[in-house]
Amino acid sequence: MAPPPSPTEHHLVALQGDFINTPEFELPPPHTCKRTIYGQTALSDLHARIHDATIVVIGALRLDAETLSPEVTPYLRLIMVVAAGTDCIDLEACRKRGIAVSNCPAVNTEAVSEHALGLYFAARRRVLRLHTLIRAGEWPRRRTLMFDCRAHDGTPPMTCQEEVAGIIGNGAVGKRIASLARGLGMKVIVAERKQPEDPSALGHPNGNQERLPFETVIKQSTVLFLAVPLAPTTRNLLSTAEFEAMSPHAVLVNVSRGGVVDEEALVKALQENQITGAATDVFLKEPAGPENSPLLAEGTEDLNLVLSPHLAWYTQRTLINSERMFKQTVEKWCVGERMNAVV
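Each residue of the sequence shown is one higher than the one before, counting from 2 in my numbering.
Everything labelled a hint here was simulated from the structure, so no lab data went into it. Predicted model only: the values in this text are computed from it and were never measured. Please note: incorrect hints may appear among the correct ones.
Ranges between beta-carbon positions, derived for each pair [as the list claims (entries may be wrong)]: (1) Lys333 with Pro157: 53 to 61 Å; (2) Arg50 with Thr217: 42 to 50 Å; (3) Glu163 with Ala43: 47 to 55 Å; (4) Thr234 with Thr156: 31 to 39 Å.
Ideal Cβ positions, reconstructed from N, Cα and C, are used throughout, including at glycine.
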C-alpha cells in the first residue's frame with residue numbers, strides 16, 4: 002500500500018465526468034490537487050478507481066458502507082456531490098470515519114421548478130396523447146380530438162385559475178414552484194410534514210402562506226407537486242391510502258426522488274381512475290425501463306402518465322451554478338476553510 006498523502010496533497014477522483022464539469026482548482030502553495038476524471042463509472046470499477054482518492058466527486062452514484070470502509074477508501078476525506086440529493090451516500094458510514102460530505106443545494110432550483118410546471122401542463126392538457134394522435138393522422142380522420150383531452154369523467158381540462166396546487170416539500174424548489182403556481186393564478190396550499198416532530202407546530206405561518214396538515218393538502222389539491230428529499234420518513238410518502246384520498250381531478254407531479262411515490266400504487270390509481278394523471282422525472286430504479294419500473298411495464302402505455310428521464314435539473318444555469326459551487330467548496334476544503342454546504 003502506498004503511504005498516505007500529506008495534508009497538503011489532494012487526489013480528486015471524479016466518477017461521472019460526462020455529466021459534471023471538473024474545474025481547475027486554484028490553491029495556494031504548498032497545496033496541490035491531482036485530478037483523475039472518469040466519464041462514467043460502473044459499479045464493478047468503483048472500488049479500484051477510488052482507492053487512492055482523498056476527494057471523490059459524484060452526481061448520483063451509490064456509495065455504500067462497504068465502499069466507504071477503510072479497506073476500500075483508506076485515504077478518503079471528502080465526498081463532493083455535485084447535486085442537491087445525498088440519499089445515494091451512506092452518511093452514517095461517513096460520520097463514523099469523519100469523512101466530510103458536501104453537496105450543491107439550490108443550484109437547480111429554477112430548472113427543476115420550471116420543469117415541474119411543464120410536466121403539469123403536459124399531464125393536465127394530455128399533450129403527449131394529442132401529439133401521438135395528430136402524428137398518426139387521427140385529426141382529419143376523426144374531425145376533432147377534443148374528446149381525447151378530457152379527463153376520465155368526461156370533463157375538459159382545468160385552467161390554472163381553477164387549480165388548487167398542493168406543495169409537499171418546503172425547500173427551495175417547493176417555494177419556487179409555489180411562487181410560479183401563484184403567478185399562474187393557482188391557489189397554493191403548503192403541506193406540513195406527514196408526521197411532524199412537533200404536533201404543536203401544525204398550522205404555523207410560512208411566509209404569506211399558512212401550512213396545512215398533510216392529509217388536508219392531499220384531499221384538497223387538484224395538482225400535487227412533490228419536492229422532498231428521499232429519507233426514511235419520505236419513502237413511499239404517497240401510496241394506496243393517499244391516492245384513495247385524493248381528488249379524482251388531481252394530477253400528481255414528482256420532481257423529488259424515486260421512492261417517494263409507491264410506483265405500483267400510482268399505476269393502480271391511474272388504471273382505476275382514482276386520479277386524473279401523473280408526471281414524474283424520477284424513478285425508484287434508474288435508469289428506468291420496462292424491466293425494472295412499474296411505470297413502464299406493459300399495459301401502462303395508454304395511461305395519462307408523463308415521464309422524463311431525471312433531467313429536470315439540466316439547464317445552462319444549473320451547470321454554471323454547480324461548477325461554481327463545486328470549485329469554491331473544494332478550494333475551501335483543501336486549505337482548511339469552512340465549506341458553504343456541509344451535509
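Against the earlier hints, flag every one the structure doesn't satisfy and list their numbers going up.
-> none
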